[in-house]
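**Student:** FYI, numbering that gives the first Met the number 0 numbers position 58 of the sequence shown as 57, with every residue one higher than the one before it.
FYI, nobody ran anything at the bench for these hints, they're computed from the structure. Incorrect hints may have been included.
[Stated by the list, open to error] In silico EDC-like cross-links for lysine to aspartate or glutamate, where the CA-CA straight-line distance does not exceed 20 Å:
hint, residue 1, residue 2
1, K354, E137
2, K140, E279
3, K140, E365
4, K140, D308
5, K354, E296
6, K354, D138
[To be verified] Listed next, with one range per pair, are the computed distances between beta-carbon atoms:
hint, residue 1, residue 2, range
7, D240, P84, 49 to 57 Å
8, W295, D153, 34 to 42 Å
9, D186, D246, 30 to 38 Å
10, D138, A371, 27 to 35 Å
11, Y66, K140, 19 to 27 Å
12, K354, N311, 38 to 46 Å
13, L305, E382, 24 to 32 Å
14, N189, Y70, 45 to 53 Å
15, V301, L43, 44 to 52 Å
16, D186, H378, 13 to 21 Å
17, Y286, P84, 47 to 55 Å
18, Q188, G366, 43 to 51 Å
19, N156, W295, 43 to 51 Å
20, D151, V301, 21 to 29 Å
Backbone N, C-alpha and C define an ideal beta-carbon position, used for all residues, glycine too.
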Amino acid sequence: MLRHRIQSLFVVAVVLSSGVALGQEMKGPIGPFKPSSVRYDLDLFAPPDLSTYGNWPRPNEGFFFQYDRLYWSIQQPSRTEIGVPGGQAQGLINGVIQFDPTNQPVGQILSDYSNSLDTGFLRADQTWGNRFELGWMEDNKGWFVSIFNLQDQDQTNVFGESAAVLLDQDQIPNGNPLGGLFIVFNDPQNRLLGFVDTNRDGFDDDLNINGPISVTNRVPSVFGRPNQFAGEDGPFNLDTDNDGVPDAYAGFPDFGDMVWLVPSFNQITVRNSTSMAGVELSRSWRYDVAHRGGVWEAFFGVRWLLYRDRFNVVAINDDPNVLDGSEPVALPGTSYWNSSIDNNMFGPQIGFRYKQSAGRFSVGVEGRFLAAANFQSIHLDGELASGLLQIPDQP
0 MLRHRIQSLF VVAVVLSSGV ALGQEMKGPI GPFKPSSVRY DLDLFAPPDL STYGNWPRPN
60 EGFFFQYDRL YWSIQQPSRT EIGVPGGQAQ GLINGVIQFD PTNQPVGQIL SDYSNSLDTG
120 FLRADQTWGN RFELGWMEDN KGWFVSIFNL QDQDQTNVFG ESAAVLLDQD QIPNGNPLGG
180 LFIVFNDPQN RLLGFVDTNR DGFDDDLNIN GPISVTNRVP SVFGRPNQFA GEDGPFNLDT
240 DNDGVPDAYA GFPDFGDMVW LVPSFNQITV RNSTSMAGVE LSRSWRYDVA HRGGVWEAFF
300 GVRWLLYRDR FNVVAINDDP NVLDGSEPVA LPGTSYWNSS IDNNMFGPQI GFRYKQSAGR
360 FSVGVEGRFL AAANFQSIHL DGELASGLLQ IPDQP
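Based on the provided sequences and hints, a complete structural model is requested.
**Tutor:** Written out as structure tokens, the structure is:
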């Protein structure tokens, strides 16, 4: 047993002495502060030895295709009123509490109003999109095409008499909290000018009895536009016996009886939709693999970008008008106005990419800078008060 242990110790000693013999064969000085012949030689300004950087994977060349799933948000616009910003207007709101056919001053039925709603409900919501890239790379130079689209970012809000939307006290006509929702329009063609029947007798009101006779104010006792009793021949718009009821045709409408109708509604639905799409063509240059395996790439090209914004409003009035001054006289029927703005941006673009790989995982950073000219087009269509009757001899 003792003999076997001695033999084992002898073998170990041989191995150790063999290691010392190999160490003695190394050339160069040995010491803690001397340069090593393996990794360091303290040769100042010598060209680098790149042999130690050759273990990183080389980037691919040839044709390539890449797909990215996007999850972006578009910043909401600045908060603004729905209607003419800061608009103030005057029109028929309260109706007539006590109707007097012999004295109907216009000032008795007109009131000031302003916008009731704004775009404060819009947010920078997230939405999904896609990006496709394909191209060719050879000898660290190449071309690529990138196409992307972002799905519609839709936001909808409904305002009504039950909604928590109140006018400021200085915006409430006559200081009364009216239940309607008001919109101030830019109306250069006077589309909101019309006749009214505040007492619901079937005839337009004669609102300028005491006014001076003019082109628009013909003679006293001439009502607005011609009307006709049910079951009787007509039309009638002249009061020959001064009883407040037209009984003959004057031969012309009295346009002096027209007043401004207020865009007042019981319920308003607002929908905002934004989307983006674009195409770019770029020339790219790839740099050599960095010290830790990262790859830098620069590119330059042209880009087309489409940013589309749509703002649609549907306003309805399905309640009967109340003419006792407690509620506004709303525009009858359904009204809508839809606006669509296309921003077509085209110009040069520069960008960069950095990609770092670790095994099967990669982390990338990318930036693009676009200087573009914006070709903007605006489309607007709509209708106000589908329940209003047409003025005679007017389109």
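**Student:** Work down the list of hints and note, for each, if the structure agrees.
**Tutor:** Hint check results:
Taking the CA atoms of K354 and E137, the gap is about 18 Å. The hint holds against a cut of 20 Å. Proximity of K140 to E279 is assessed by CA-CA distance (about 17 Å); at most 20 Å being required, the pair is judged to hold. Pair hint K140 plus E365 holds up; C-alpha atoms about 18 Å apart against a cutoff of 20 Å. For the hint pairing K140 with D308, the CA-to-CA distance comes to about 38 Å; that exceeds 20 Å, so the pair is violated.
Taking the CA atoms of K354 and E296, the gap is about 9 Å. The hint holds against a cut of 20 Å. The suggested pairing of K354 with D138 holds, with an alpha-carbon distance near 18 Å, which does not exceed 20 Å. Taken as a hint, the range 49 to 57 Å holds for the pair D240 and P84, whose Cβ atoms sit roughly 50 Å apart. Checked against the hint of 34 to 42 Å, the C-beta distance between W295 and D153 comes to roughly 39 Å, which is consistent with it.
Distance hint check: the CB atoms of D186 and D246 are about 35 Å apart, consistent with the given range 30 to 38 Å. At about 31 Å, the CB distance of D138 to A371 agrees with the hint of 27 to 35 Å. The hinted window of 19 to 27 Å between Y66 and K140 holds, with their beta carbons roughly 23 Å apart. Against the hinted window of 38 to 46 Å, the Cβ-Cβ separation of K354 and N311 comes to about 43 Å, which satisfies the hint.
The beta-carbon spacing between L305 and E382, approximately 28 Å, falls within the hinted interval of 24 to 32 Å. For N189 and Y70, the hinted distance range of 45 to 53 Å is satisfied, since their beta carbons lie about 48 Å from each other. A hinted range of 44 to 52 Å holds for the C-beta pair V301 and L43, which are about 48 Å apart. Restraint check, D186 to H378: a C-beta distance of roughly 19 Å satisfies the suggested window 13 to 21 Å.
Checked against the given bound of 47 to 55 Å, the beta carbons of Y286 and P84, roughly 51 Å apart, stay inside it. A beta carbon spacing of about 49 Å between Q188 and G366 agrees with the range 43 to 51 Å that was offered as a hint. At about 46 Å, the beta-carbon gap between N156 and W295 stays in the expected band of 43 to 51 Å. With their beta carbons about 26 Å apart, D151 and V301 fall inside the hinted range of 21 to 29 Å.
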